[in-house]
Amino acid sequence: MTYTDRQQKRAEIRAMFKSNVRRRLWVDKIVVGTVIVCALMAIIPLIWILGTAVYSGVPALNWEFLTGKPGAVGAGQISIGPAIQGTVIIIALTSLIGLPIGIMGGIYLSEYGGNSRFAKQIRFFMDVFMQVPSIVLGIFAFLAIVLTLGYYTVWAGAIALSFIMFPIVARSTEEALRMVPWTYREAGAALGLSKMVITLRIVLSQAKKGILTGVLLSISRVGGETAPLIMTILGSNIFFSGFDSSTDALPLRIWRLSLQPYDEARIAGWGAALTLVIIIFAIHLGVRYFFLRDKSGKGLRGVLRG
Amino acid sequence: MSTVMTDRSATITTIDKPQTRYKMRTENINIYYGKTHAVQDLTLAFPEKSVTALIGPSGCGKTTYLRCLNRMHDMTPDAKVEGRVLLDGADLYDKRIDPIYHRRKVGMVFQKPNPFPTMSIYDNVVAGVKLNGVRNKDILDEIVEDCLNMAYLWEEVKDILKKPAMELSGGQQQRLCIARALAIQPEVLLMDEPASALDPIATQKIEETIEELKKDYCIIIVTHNMQQAVRCSDYTGFMYLGKLVEHGKTKQVFERPVDKLTAKYVQGQFG
Ligand SMILES: Nc1ncnc2c1ncn2[C@@H]1O[C@H](COP(=O)(O)OP(=O)(O)OP(=O)(O)O)[C@@H](O)[C@H]1O
Ligand SMILES: [Mg+2]
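Chains as they are written, first to last, in the numbering used here: chain A, 1 to 306; chain B, 1 to 271.
Hints are computed from structural coordinates only; laboratory data are not their basis. Take these hints with a grain of salt, some might be off.
[To be verified] Derived pair list, reagent style EDC-like, types lysine to aspartate or glutamate, alpha-carbon separation capped at 16 angstroms:
hint, chain 1, residue 1, chain 2, residue 2
1, B, K95, B, D74
2, A, K195, B, D234
3, B, K112, A, E186
4, B, K214, B, E255
5, B, K243, B, E255
6, A, K195, B, D98
7, B, K105, B, E207
8, B, K215, B, D199
9, A, K195, A, E111
[What the hints assert, rightly or not] Stretch by stretch, here's where chain A covers chain B in the computed footprint (C-beta under 8 angstroms, at least three residues):
hint, segment
10, 71-78
11, 126-138
12, 177-188
From a predicted model like this one, the values you see are computed outputs, not experimental measurements. Glycine is no exception: its CB is placed at the ideal position from the N, C-alpha and C atoms.
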């Protein structure tokens with residue numbers, strides 16, 4: 001290309017830019033508008049559901065409702081104390097089983113397994129588990145644990161739910177670790193650090209946010225599951241009375257209340273639903289505050305902003 | 001120039017006075033990325049207490065070669081290294097020895113700065129020592145000040161040591177990485193274009209640091225800057241298309257190169 005050719009070409013290219021700008025800006029606006037509308041469409045149902053839960057649930061909330069035992073309908077107050085207690089226990093036990101397995105599994109898949117056959121098989125099985133209807137996990141736990149032991153136990157429920165939890169946590173941990181640029185692992189290796197130290201002290205801290213997102217997602221998911229609990233912890237009208245008897249949980253209680261044709265039960269159901277939402281929300285805030293709190297002291301505001 | 005090894009005695013006779021002690025040597029190194037033969041049959045020795053500069057046009061394999069000197073290619077699944085690398089006579093690629101033993105003796109500064117983003121400036125400097133088990137706060141403090149001084153960064157950051165390393169500028173980050181590499185007290189220091197992001201004054205300071213370090217260390221530095229190679233190296237290796245074309249005393253390589261290609265390159269006629 002000669003100098004004049006190139007000069008002419010440059011002018012042409014610049015001319016193309018100019019005639020394009022207006023249209024580009026318009027297209028830009030349309031795209032942004034569409035995105036906002038889509039986001040709203042996703043948010044509106046969410047707000048609606050939350051709004052309904054708050055609107056219908058708040059009237060039910062009082063101290064007796066939250067701490068008492070459920071009585072018979074018509075015989076006075078319906079309370080959800082045992083259900084709240086049970087849900088907290090079941091989330092705690094499920095996390096106790098599911099989080100270590102999930103996080104360690106994710107670390108294995110990202111840092112050690114690579115593309116080995118074993119790692120691929122694990123990924124495959126986890127994908128399968130994620131797609132198994134949760135009631136099937138409940139039936140499995142019923143057959144394997146409840147029937148073997150001969151009694152309903154909160155452990156059976158926690159084990160069934162941990163099968164939901166650990167694939168979610170493992171996959172999100174793996175993804176989060178893979179996002180950490182390779183050069184930091186090399187920098188760690190160049191300092192003579194072992195792979196485990198590099199993984200735990202350098203890589204993991206960079207993936208913290210992604211891992212926590214997966215953990216919280218799985219807790220929300222598990223906290224709202226009903227089907228696996230029906231055949232494992234059954235539900236109960238009394239407070240937790242040991243690992244060898246049935247236990248109540250909020251989703252179970254909501255489901256049972258919703259089956260009853262009485263107004264009183266309906267309101268209590270909404271109250272229980274709102275309580276579940278509040279518990280999950282509190283866990284989210286608590287976990288994020290504990291792990292993502294800005295050390296420079298932005299406090300809760302930084303946590304909320306993410 | 002051919003280098004005749006008198007096998008394991010770690011002495012070399014052709015290019016230097018007899019009885020030069022070699023800290024590190026490579027013998028017939030071949031490095032492949034899949035089918036790309038990036039470094040070809042490279043034999044080279046690095047004398048103790050000296051600086052060797054590796055020069056050559058972009059893409060000729062300098063980084064690739066440098067990375068085999070601390071087994072960094074173990075981290076790249078598709079890279080394959082053949083040949084021997086000897087550190088004080090011990091084979092780096094001995095299957096029975098975990099690479100971390102050697103890596104503690106061989107510090108590395110990467111071509112692109114890569115301070116650990118979740119750590120403060122202070123923690124970055126001592127990352128290697130701390131995570132290798134040194135807990136004594138006084139010693140850590142001392143290391144931080146000393147290494148940051150050697151990397152010519154102390155004055156700029158001494159009041160913000162607790163700030164995240166990512167808030168530093170690119171050149172400051174690179175100097176931080178130099179400090180981090182120095183902190184593990186290596187015996188060999190590999191530097192891949194350590195000054196490419198630095199201003200002239202910082203560059204000069206780094207060169208002074210290299211000058212000082214060379215009293216104890218064996219330093220291998222990759223550079224695109226001919227003047228830098230002349231100023232701060234004792235030996236120079238010129239690489240081209242994956243091969244070592246010429247190696248010798250820096251003065252000789254720049255003033256009386258044996259190979260025509262070397263002559264052209266050091267005169268700036270290509271590259
Ligand atoms: N990870 C990799 N995978 C495949 N090929 C690679 C990889 N890294 C480098 N190469 C190839 O190996 C050759 C040597 O690359 P290398 O990075 O060693 O060059 P260099 O001399 O350091 O160049 P520069 O001066 O630009 O840094 C190049 O042809 C490059 O394309
Ligand atoms: Mg390079």
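**Study point:** Violating hint indices (sorted, rising)
**Key:** Structure breaks hints 2, 4, 5, 7 and 8.
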